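Those protein sequences? They're chains H and P, same order as listed. Per the working numbering, the first sequence starts with residue 333, numbered consecutively. Per the working numbering, the second sequence starts with residue 212, numbered consecutively.
Because the hints were derived from the structure by calculation, they are not lab data. Treat the hints loosely; a few may be bogus.
[What the hints assert, rightly or not] Facing chain H, a subset of chain P residues (Cβ under 7 Å, in silico):
| hint | residue |
| --- | --- |
| 1 | Leu239 |
| 2 | Leu249 |
| 3 | Val311 |
| 4 | Phe373 |
| 5 | Ala374 |
| 6 | Glu400 |
| 7 | Thr437 |
| 8 | Gln465 |
| 9 | Ala467 |
| 10 | Phe471 |
| 11 | Pro474 |
| 12 | Ser482 |
| 13 | Gly483 |
| 14 | His506 |
| 15 | Thr580 |
| 16 | Ser585 |
Since the structure is predicted, the reported quantities are computational estimates derived from the model, not experimental observations. In this text, a Cβ means the ideal position worked out from N, Cα and C, and glycines have one as well.
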Amino acid sequence: MKKLTTSVLAIVLTSSFALVNAQVDTARTQDIEGVVVTALGIKREKKSLGYASQEVNSSALTEGTTNTGNIAAQLSGKVAGLNVTTNSNFGGSSNLVIRGIKGIGGGNPLIVIDGSPVDNSSTYGFATDYGNALADINQEDVQSINVLKGAAASALYGERGLNGVILITTKNGRGNEDGSWGVSWSSSVQAGFIDKSTFPKYQNKYGGGYDMSFYTEDPAPDGNYYANFAEDASWGPMFDPNLLVYQWESLDPTSPNYGKATPWVAAKNGPITFFETPFTYSNTVTLQKGNRDRNLMFSYDNLTMNGLMPNSSMAKNTFSLKANFDFTPKLHSSFYTTLTLQDTKGRNTTGYSDNIMSGFRQWWQTNVDVLSLRDAYFRNAANPTAANNYGNITWNPYDSSNIRPIFWNNPYFQVYESYPTDKRNRSFSIASLTYDFTNNINVMGRVSYDRSQLSIGNRLAVGSLAQTFGAAGNSVESGYGRQDVQRNEVNYDLIGNYKFDITDNINVSGVLGGTIRRNYYNSLYATTEGGLVLRNLYSLSNTAAPTLAPAETEWTTQTNSGYASASFDFYNIFYLDGTYRVDESSTLPAGNNIYGYGSVTGALILSELVKPSWLKFWKLRANYAEVGSTADPLQLQYYYNAAGFFGDVGLSNSQTRQPNENLLPQRAKEFEIGTEGSLFNNRVTFDVAYYKTQTFNQILPNLPVSSGAGITTASVNAGQIDNWGYEVQLGLVPFKTQDFQWNIDLNWSQNRNKVVELLHNEFSDVSNVLISTFQGGVSLNAREGEAWGTLVGSDYVWLNGQPVINPTTGYYLRQGNQIIGNVTPDWIGGIRNSLNYKGISASFLIDIRQGGDVFSTDMYYGLATGLYEETAVGNVREEGVIWPGVNPNGNVNTTVTANPTAFGSLDGYSRMPNSRFVYDGSYVKLREASIGYTLPQSLIAGTFVREAKVSLVGRNLWIISKNLPYADPENMVGGGNRSYGWSIGSLPTTRDIGLNVTLKF
Amino acid sequence: MKKIFNKLIIGALAVISLSSCQRDLLSLNENPKQPAILPSETLLAMGQQQFFYYTHTGSVNFNNYRFFVQQWAETTYTDETNYDLITRNQPRNHWNRMYVYSLNNYETAKKNLVAEPVASEVIRTNMNATLEISQIVVWENLVNTYGDIPYFDALKADEGNFAPKYDDDKAIYTDLLSRITAVVATINESADGFGTGDLVYGGDMTKWKHLANSVKLRLALNLADTDPAAAKAAAESAYASGLISSDDEAYKLQFAGGTFNNPIYDDLESSGRNDFVPSQLMVNMMNAKNDPRRHYYFTENLAQGKVVSTTTVGPILNVTTETAVSNAQVGQRAYKFNAGNLPSQLDDTYTYVGEVSAVNGTEVSLINTTGGFSAGETIAFGYYQGGVFGSLNPFGGKTHINARYIFNNAEAKYLGYEEVLFMRAEAAQRGFNVGGTALALYNEAVLTSMELNGVSTADAAAYLAAHPYNATNWKKSIGEEAWVALFDSPFAAWTFARRLDNPVFVNPPNSKTEGVPVRMIYSDQEYVLNKANVTAAASAIGGDKVITKLFWDVN
């Protein structure tokens, strides 16, 4: 296994606000004249809005698909302009982006529940994806999701609305019409089945080794060879059932094959047999009662699931309570609280090192039978001793006399002994009190409190492969680490609403208010050092060597804001809105920390002016907005982190960043025009938008600069990124009768992005920002003149459009530091069909992403190590291949690749430029499909059941088209910037099929 | 107007504000857990740890000096011995470690030192000299690794200079020489410098002075082919002022273990990997000279034969084996094999018996015997077989790097006494007055290297007698011997090899570069963060390639 470049241990929190994707599901929810929730919870007539927003109601969100446990994932393909990327990690992240990447460092929308912001950060650390925080919200509580796409829509949210806003409205309690309690129960069970197009197909001609001989050890006295134990590749000797070889099992005294040479053949049970069938069970009970003045809803949701990896499980319990109560006709109160308790075991490792999936996809011997590994683990784990590595009998030992793992553990040992655990508690509460002074003026006070506590425990069992583990960063063979992360946010709002008629036909309404927001973060990280003293005691005190002081991180930020808006309505034909907001931020320096910005929007209802019979509604809209944004905490100075003791001398980590005491707020401005309408009695509805956003004066806390300056990054205001694009929504009702209705909902969006400028002046010359580095020498960058997300690595050397080949070796020439791709998609779209016939409903959603390149580290190594089918076509390993291309003199290449019998000589990382492993990440997926049946009243009449529905649902049933071999182009490493462009050791995608039953009493 | 409006709104907000005071708000931005400033002594220690770790490491990700001098070969993943300096960004990584993690810590320490409470100004001056010399050593590494580098404009991030211009390497040499002269003059050897934070010399200012002069000697020798007059003047002034005069004064860091391990230990031991073996070039040269240091540099491989009979002729024990043992050669050690399986490398199941003096088919003669054999026992011959540089080398069959280098608290030597002696030998050969003849200094250098590696005086003398200094082909004598002696100081070895063009390195057949590196290419990041300056520098030095020779490397 090739060496790891760097290791990142402690947890990283991307301050990404999760995105919800909402898509209008049917014409029902596209009700042009309906009322929608806008910024700060203000309800507006949709027709009066001068900006794009798109609402998805609960049925479109949840009923057509299996329960993913993460409503962010369920927005995929449903909202124009909203890009959702969900990976296959167990309990992993869904990343949301609205209208493109607006900041050099990426960015995700703000999530707001019932008017109050909530955390949706993606948590990643210890090479593990801990998911995005929106997954804490119980999908059964959600009434609808409204996506505010542009700056004008979200300007009232100020700094955090820059990347768009996703507004979630929770359900209110509603009793039965007879005034009795309403009770509903819904239950679902679902199972996942591996989509084999997202898993490797091995060749079956050659076994383990780096070349075609058994050469690492002399033959045993009986003349039979030892397998190439230490060589984690399949470029070894050709299989031959008549050839007897001492394989890994022959070293295991508990094995029936102990001391025996066995036939040299491809394994019967490959890695796909390692996986278990993931099941998810979910049950929700909802109790509700009330009327318009006073109502109550209580819900309890229990979700349990196991993952593809053995020994992985998650249990989540969510309790919610919502109450609305009018004390008097003028004094209204509302309260919502939710508590989520989640317990997870065995999340999968991501990335390169110690990731079982990277083993299966990159470094493996095709002769190794996975079920034999399972049996070897359980036999030995029953009697763990130092002699059997405490059960870690691996296929990949040093040699016949040393059974310690050299590169890879027995995967069963790893999942059953070295599994991580995490506990997550989340509570979110909002309380508000509104007093109506008059019919036209009211004042609302509101407090919200969002708190999450994540406790991670990380185990490395005694007997493991030595690996970097722990705060000191040394390589150890066992250990334990824990990290506790607490985050909370409090918002205090005081908002006055007003509404006046200026004349009979001209009126004005709006808000005047203020918000104080406080965020708090606290993390404690500690590990053992030098290994564990006792087996199976995962405790910091069970450390073999002195530990470092726990690493503490703590900060508080506060923003005080004031804002006002005015909306003018002229004759119900023309609407003009203006907003203005001022923020005072604690994270910017004095003098620069108060800043204001605003928006102007207009909407013209053309259908009030021209009234052909077929035109039901037609609106033109336009807007312009500016927003400002503040810095992350603790940016104004550099702070040192302790790094441990050198003998008696305490050291810290070096300063690598130049702080900036003069940071300014960053800015964005956006211009948008659009039109929406409804034709032929709502049989056709449309919404088209064009927008252009400029983000400038960005706060780049870590702008890379020449390290000749003595630091690697500097905190500066710089850089401009432009985004522009189109969004189209189309709703069609091709067929509609009393009993049957067919709806088609289509959305399409294309975002273009350009990093216009980084930083050039007398003292700086920055034209590239390195965002992340992938195993294999490829990096993700923001590069001037290119779209955000440039992949940089080595490419072929080109001559007259042909790749150049060295005429002596037959290998391609390579040149480094070339642009070899871009992760940003060209366009995304979704098509949803829903059919209703009496009580039967069916729907399916096709989700499409066009473009967006992916670098595959799996192919980079796997083609070199000889795992995949294409590495054993014909006699390529014996005879080599003649790669297409030309020699430097321009002649067509005729040289056969040198030395093909050694691994890595023909193809793969050592011989090919990085661009060989960049694939177009386009896909077309059958994302959702469902058939539901609502029992007719005649059947349930007379029982206590009022409504019953049964449905069969599916998710990710079919990847109709993709270009990335053996993996799903959507399955990246984690959330945030980890969701772009890097395919490495991902779990396969599962086709999920479930059965839902909903009963209302 | 807008500002006033903003303030009005915020003022109105204060009514509902829980925290109405602007100063309270901004105080939230002070870190409650971490310091913003460190004492200069801590910064010195941080810079030293980083400098020694990342100049000494054998990791494929950093300096790669051990491959540039072909002392180490790789076993399985042979990209770095084929000089792939692109995939792993070694130029960027080494550049960053030197500028950011080493130089800049010293620079910050200098700034902090000005205002720190110190017992006396003499001590403060000594402390400043310590930092200055520490920086000069890093500069010497950088300028001799890359050529033109940011120097006069470097380390000015706090002044907002994020794209420093590159300076001519010769001009940097000149400035470094005058800086050394200047700083040595400020040292007061009878007073202290830093305390325990000086991880190398513990505040011994004489040692710092001798280091500074030894670095001056390195710079001077490099100038010898292009500016002999300046070279002579600098070398002689360095000698006159005092050079490193014992291993105790060597610029070396003994790692502490625990959190901060020796990098070779990390590469070869704690990683649990088998990535590196000594190169064939090294092993064969030492085999050819029957170099006694092999026993201390490497572990032995073993060839074995079954004993049929033995005879004794005077001090010589003749052993007849069943079949001729391949790999049995004169000079090898012979062992008796006691029991157990057949390990490929020496372990404690073997007993030393004697040294091979002749091999004749199945008959092997041993001298210096410490025991004998009985028929039916196994005789094992220790031999050394290096890895082919640039090729796959199965770990099992090759000689390994000796365990004495592989301790978590082993030392990393950057500039040692043996190197100073080799430099003085060369200087004397070039006609500089550095206290001795080339022959005498050469002999002392070789003997010192032997002694420091544990070789007996007799064996060392025998070696020297067999391989005397060759004044007519002095570049080969000094070049090869220094290269062998500096097996664990690869940067020093690289400098010798480049200046003396000995030993001769061969570019492996699958090499990704046009030749064996004589400089490190610039960091890829410079081309996107400091493009105009790095492009100008690349053109000034004659192209940013590994085969572009540094200004002083003219032969």
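Agreement of hint alanine 374 of chain P with chain H interface, Cβ distance less than 7 Å: 4 Å, holds
Supplied contact hint for histidine 506 of chain P, tested at 7 Å Cβ to chain H: This interface hint is violated because 24 Å lies over the 7 Å limit.
Closest C-beta approach of phenylalanine 373 of chain P to chain H relative to 7 Å, hint status: 4 Å, holds
Interface restraint verdict for alanine 467 of chain P against chain H (beta-carbon cut-off 7 Å): Hint holds; alanine 467 of chain P Cβ to chain H Cβ min 4 Å, cut 7 Å.
Hint status (Cβ of serine 482 of chain P to nearest Cβ of chain H, threshold 7 Å): For serine 482 of chain P, the interface hint holds, since the closest Cβ of chain H sits about 5 Å away, which is under 7 Å.
Valine 311 of chain P as an interface hint toward chain H, with CB separation required under 7 Å: At 5 Å from the nearest chain H Cβ, valine 311 of chain P passes the 7 Å test, so the hint holds.
Hint check, proline 474 of chain P versus chain H [nearest Cβ-Cβ separation less than 7 Å]: 12 Å, violated
Minimum beta-carbon distance criterion (7 Å), threonine 580 of chain P to chain H: 29 Å, violated
Closest C-beta approach of threonine 437 of chain P to chain H relative to 7 Å, hint status: 25 Å, violated
Given hint phenylalanine 471 of chain P near chain H, where the shortest CB pair must fall under 7 Å: Where the cut-off is 7 Å and the nearest Cβ of chain H is about 5 Å from phenylalanine 471 of chain P, the hint holds.
Residue hint glutamate 400 of chain P, partner chain H, criterion CB-CB below 7 Å: 24 Å, violated
Residue hint glutamine 465 of chain P, partner chain H, criterion CB-CB below 7 Å: 9 Å, violated
Consistency note: the structure conflicts with the earlier hints numbered 6, 7, 8, 11, 14, 15 and 16.
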